Each structure stands twice: as C-alpha cells, then as structure tokens.
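Going line by line, the protein sequences match chains A and B.
Read left to right, the first sequence gives residues 447 to 619 (the working numbering).
Read left to right, the second sequence gives residues 733 to 853 (the working numbering).
Source of the hints: derived by calculation from the structure; they are not laboratory data.
Note that the structure is a prediction, hence the values are computed from the model and not measured.
Think of the CB as a built atom: it goes at the ideal place given N, C-alpha and C, for glycine as much as any other residue.
One or more hints might be untrue.
[Said to hold, decoys possible] Derived pair list, reagent style BS3-like, types lysine-lysine, alpha-carbon separation capped at 27 Å:
#	chain 1	residue 1	chain 2	residue 2
1	B	K835	A	K496
2	A	K459	B	K841
3	A	K467	B	K806
4	A	K571	A	K459
5	B	K845	A	K571
6	B	K845	A	K491
7	A	K491	B	K851
[To be verified] Short derived list, chain B residues pointing at chain A, Cβ under 7 Å:
#	residue
8	D750
9	A751
10	R754
11	F774
12	V787
13	E789
14	Y822
15	W826
16	D831
17	L833
18	V837
19	K843
20	D847
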Amino acid sequence: MDERKESEATPMKNRTAVERKSERELVVTRTVNAPMRLVFEAWTKAELFKRWWVPKSCCLTLLSCEMDVRVGGRYRLVFSHQGSTMEFFGTYREVTPHSRLIWTNEEGDNGETVTTVTFDENAGKTLLVVHDLYPSKEALDAAVASGSTGGMPETLDQLDELLVSLGSSSATK
Amino acid sequence: MVQYCQTRFDVSFGALADATRRGVLEQLGRADASITALAEKFHMTLTGMKKHVGVLEQAGLVTTEKVGRVRTCKLGLRGLQEEAAWIERYRQLWGARFDELDKVVEELKLKEKVDGRKKRK
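Kindly produce the complete structure, drawing on both the sequences and the hints.
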C-alpha cells in the first residue's frame, strides 16, 4: 500500500444542507470524508461526540455528556450558561452499527421529537442524513419562531464570528 | 457582541423557561389570539396573561396589536423570510458542528492507519 499524504484527505469542507421537508420534518445532510464505521464511532462514543456536538462559542459550555448507546438506553447532555443550566435528554430507539441511529428528544413539553441519523458509505465517504420529526407542525413552527430570535443564540450568535475567523484563518494558509 | 449575545440569550431563555409561555407560543403557532382568549385557554386572569405576553413581546417572540378594545397576539417572527433566515442559521450551526466532526474523524482515520501499520509489522 502506498503512503498517501495527509493533506489529500481534507482539501476543503463539505457542504451542509438543511431543508424543511414538511410541516413536521427538518433534514440536515452532509458528506464526511471517512468510512461510515468511523463516522458512526464519532456519533456513538461520548468522549468523541462531546468534542464536536457543541461548536466552540463563548456562551455555552457542555458540562456533561452521558450516552448509553443501545436500544432503550438513554442520553443526557447538560449545558451551562451564566449560571443557568439546560438539559437535553432522550432515549435511543434504534442502534444499527455503522448505518442507523434513532433517538427521541424528550425535554420538550409538546411531545417527543424523533431524530433519525443514517450513515451511507460510498467510495470511502459517508453521506450523513439527520432527520428530525417534530411532534406537530406547531412544535416545529415554535422552534423556528424562538430560534429566529435566539432559541439557540448561545451557539448561533457566536457562530458567525467563529465561521468568519475559521474562514480568514484558512484563507491565510 | 458578546454582551449582546448574552443579553438576548437571557431574555429569550427567560421567556422560554416558563411552561405557560411555551404553551402560548404553541397556541399562537396555530392561530392568532386575543389576550382574553389566551387567558381563558390557560385558566388565568387577564392581568396574569398580560404579564406573560409582555415577557414574550420583550423577547421578540410575540407581537401584539390593539384593534378597538381587543389586543391580538401573534408570533413575533413569522413568514417565509424569517423561516429562511432561521434555516440558514441552523445550517451554520450544523456546518460548524460537522467541521468539528471532520477533525474527530480525521484523528480516527489517522489512528486506524497507525494501528494498521503496527499490526502489519
């Protein structure tokens, strides 16, 4: 086997797409330049997951991340912001190694949101599809309404800055 | 910028921290409603509901308009433009998330390669 240069592996970032598929569904897609077993590992091992799930920003800190990745197992993420804490928690419904993960999101008052993540490998790259099914149109509308003024401002407001700094640092390379 | 973010966060977080107010948002997602109708729906006094709506209004989640003697409430940010803006921000969140995921996965790839070499030796 010939030795390839590491720089060939990540020439540029892949595009992330988001689409509201229906009144209750939101779908995020992205290709990752790695085989699905590695991508799956990054989604299912807490020590890896917590390194990428919360984009670096000033406003939010991930305090703890517990993940019992098996059918019926639970997860709980605790964030802190200025003395307040927020929790995201739910249950894994399906764990099919390397190809499919389904979990519920149970912290909302309006019923569960079900997230299905599929991993689809082609030529050594993995297409990730993150599909959120909200309990109702109203629940997704409310998420959009609160999100546009800052349902997740802790990450989103900082993101613009982060992306600008990432963009400028890669441009100077 | 940092303070702006945090102030907005606190206002929004505070507004959403209450179950009644989240219920009001959900209700307004279905249809606009008067404060009187909301008070009835949530079994509250008019004054109590006015306070809740005031908090939501301050956070920009709800707007109100008085026509005659009736004050009508609706979701503050609605319509395709707002949704498109939200989708774009959501996309940026995931974009940043995936960029971090790339780093983690690159490490795993490298580790696998190194381990593979060790095994072959």
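To see whether the hints hold, each was checked on the structure:
1. B:K835 <-> A:K496: holds (13 Å)
2. A:K459 <-> B:K841: holds (17 Å)
3. A:K467 <-> B:K806: holds (24 Å)
4. A:K571 <-> A:K459: Holds - the C-alpha atoms of A:K459 and A:K571 are around 13 Å apart, at most 27 Å.
5. B:K845 <-> A:K571: holds (16 Å)
6. B:K845 <-> A:K491: Holds, at roughly 20 Å.
7. A:K491 <-> B:K851: At roughly 24 Å apart (the allowed maximum being 27 Å), B:K851 and A:K491 satisfy the hint.
8. D750: violated (10 Å)
9. A751: Interface hint status for B:A751: holds (6 Å vs cutoff 7 Å).
10. R754: Holds, about 6 Å.
11. F774: At about 13 Å, which exceeds the 7 Å cut-off, the nearest Cβ of chain A leaves the hint on B:F774 violated.
12. V787: violated (13 Å)
13. E789: violated (11 Å)
14. Y822: holds (5 Å)
15. W826: It holds, given that the least Cβ distance between B:W826 and chain A is near 5 Å, below 7 Å.
16. D831: The hint holds - B:D831 has a Cβ within 7 Å of chain A, the shortest such distance being about 6 Å.
17. L833: holds (4 Å)
18. V837: Given a least distance of 4 Å, the restraint on B:V837 holds.
19. K843: Violated: closest Cβ of chain A sits about 9 Å from B:K843, beyond 7 Å.
20. D847: Constraint on B:D847 not satisfied, violated at 12 Å.
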